[in-house]
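Build the full structure now, drawing on both the sequences and the hints.
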Amino acid sequence: MREDRSETQPRPVSVETGIIPGLKSSVIYHSGKTTILCVAKMEEGTPRWRTGPAGWATAEYQMAPYSVSPRMDRQSSTPDGRSLEIRRLISRAIRGGLDLGLMPGYSIKVDCEVLHADGGTRTASINAATIAIGLLIEDQLSRGILATDPRRDQVLAISAGIVDGKVLVDLEYSEDSQADVDMNLVGTRSGDVIEIAGGCEGLAIPMESMQKVLEAAQEGLQALGEQLSPHLFSLTK
Numbered sequence: 055m056r057e058d059r060s061e062t063q064p065r066p067v068s069v070e071t072g073i074i075p076g077l078k079s080s081v082i083y084h085s086g087k088t089t090i091l092c093v094a095k096m097e098e099g100t101p102r103w104r105t106g107p108a109g110w111a112t113a114e115y116q117m118a119p120y121s122v123s124p125r126m127d128r129q130s131s132t133p134d135g136r137s138l139e140i141r142r143l144i145s146r147a148i149r150g151g152l153d154l155g156l157m158p159g160y161s162i163k164v165d166c167e168v169l170h171a172d173g174g175t176r177t178a179s180i181n182a183a184t185i186a187i188g189l190l191i192e193d194q195l196s197r198g199i200l201a202t203d204p205r206r207d208q209v210l211a212i213s214a215g216i217v218d219g220k221v222l223v224d225l226e227y228s229e230d231s232q233a234d235v236d237m238n239l240v241g242t243r244s245g246d247v248i249e250i251a252g253g254c255e256g257l258a259i260p261m262e263s264m265q266k267v268l269e270a271a272q273e274g275l276q277a278l279g280e281q282l283s284p285h286l287f288s289l290t291k
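Residue numbering for the sequence shown follows the numbering used here, starting at 55 and increasing by one per position.
Source of the hints: derived by calculation from the structure; they are not laboratory data. If you're wondering where the values come from, they're calculated on a predicted model, not measured in any experiment. Idealized CB from N, CA, C, for every residue including glycine. Check each hint, because a few of them may be wrong.
Unchecked claim - Label pairs and their computed distance ranges (CB to CB): (1) Ile-199 x Pro-260: 48 to 56 Å; (2) Lys-87 x Gly-219: 33 to 41 Å; (3) Ser-196 x Asp-234: 43 to 51 Å; (4) Val-247 x Arg-59: 23 to 31 Å; (5) Arg-104 x Pro-124: 21 to 29 Å.
As the list claims (entries may be wrong) - Straight line, CA to CA, 27 Å or less: simulated DSS-like cross-link-like pairs of lysine-lysine: (6) Lys-220 x Lys-266; (7) Lys-95 x Lys-78; (8) Lys-87 x Lys-163; (9) Lys-163 x Lys-95; (10) Lys-163 x Lys-78; (11) Lys-220 x Lys-87.
Written out as structure tokens, the structure reads:
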């Protein structure tokens with residue numbers, strides 16, 4: 055039983071920006087005890103396999119050795135299957151919030167490093183990336199590097215699941231490790247969905263139960279957006 059928040063309430067979040075000298079788009083994102091360092095940068099050029107003038111956006115993700123207990127070995131230059139899956143998830147999420155056609159010839163690259171892990175590292179990384187990209191684009195617009203704001207919406211992510219028969223939102227590690235159902239929802243503050251990923255850890259469940267998890271995640275996403283509102287760009291388009 056949770057003592058510090060309700061079953062469908064997201065963890066408290068806090069954000070520190072500009073924490074690396076010379077990098078306005080550097081962010082420390084705290085979600086409960088989970089802490090992410092995220093930096094977004096823009097570079098000239100796009101991947102060679104890309105055709106057409108549109109830009110690109112991609113992300114990297116790794117966990118610091120000290121982010122978990124016991125300490126893990128530092129990841130090699132070749133990511134393991136889990137890290138690669140999460141990189142792809144974050145990359146799809148950030149591209150879902152951008153009009154790549156409005157940043158021709160440029161690529162946004164986001165680095166997410168988990169400094170402390172207590173569940174929800176992939177969703178926290180997406181939220182940190184949204185903030186870091188917002189800071190980056192504001193800087194690029196002010197310097198005249200970008201002519202038009204490519205941001206289409208505020209992209210956020212949250213987890214939800216079923217633990218001991220109860221629907222919970224924004225699972226901590228102790229909850230996630232016992233979940234019968236675990237889901238990650240990536241969507242926008244305007245209500246659109248970018249990605250739903252998850253499933254059962256054991257026996258199958260009725261569709262009605264899965265729908266309840268999704269509905270709780272949608273509500274949690276909106277509540278999280280309210281918490282993060284001071285750090286998100288204004289929807290003026």
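To see whether the hints hold, each was checked on the structure:
no. : hint                          : in the structure
1   : Ile-199 x Pro-260: 48 to 56 Å : 52 Å, holds
2   : Lys-87 x Gly-219: 33 to 41 Å  : 25 Å, violated
3   : Ser-196 x Asp-234: 43 to 51 Å : 49 Å, holds
4   : Val-247 x Arg-59: 23 to 31 Å  : 24 Å, holds
5   : Arg-104 x Pro-124: 21 to 29 Å : 41 Å, violated
6   : Lys-220 x Lys-266             : 10 Å, holds
7   : Lys-95 x Lys-78               : 10 Å, holds
8   : Lys-87 x Lys-163              : 26 Å, holds
9   : Lys-163 x Lys-95              : 5 Å, holds
10  : Lys-163 x Lys-78              : 14 Å, holds
11  : Lys-220 x Lys-87              : 22 Å, holds
In summary, the structure is inconsistent with hints 2, 5 from the numbered list given earlier, while agreeing with the others.
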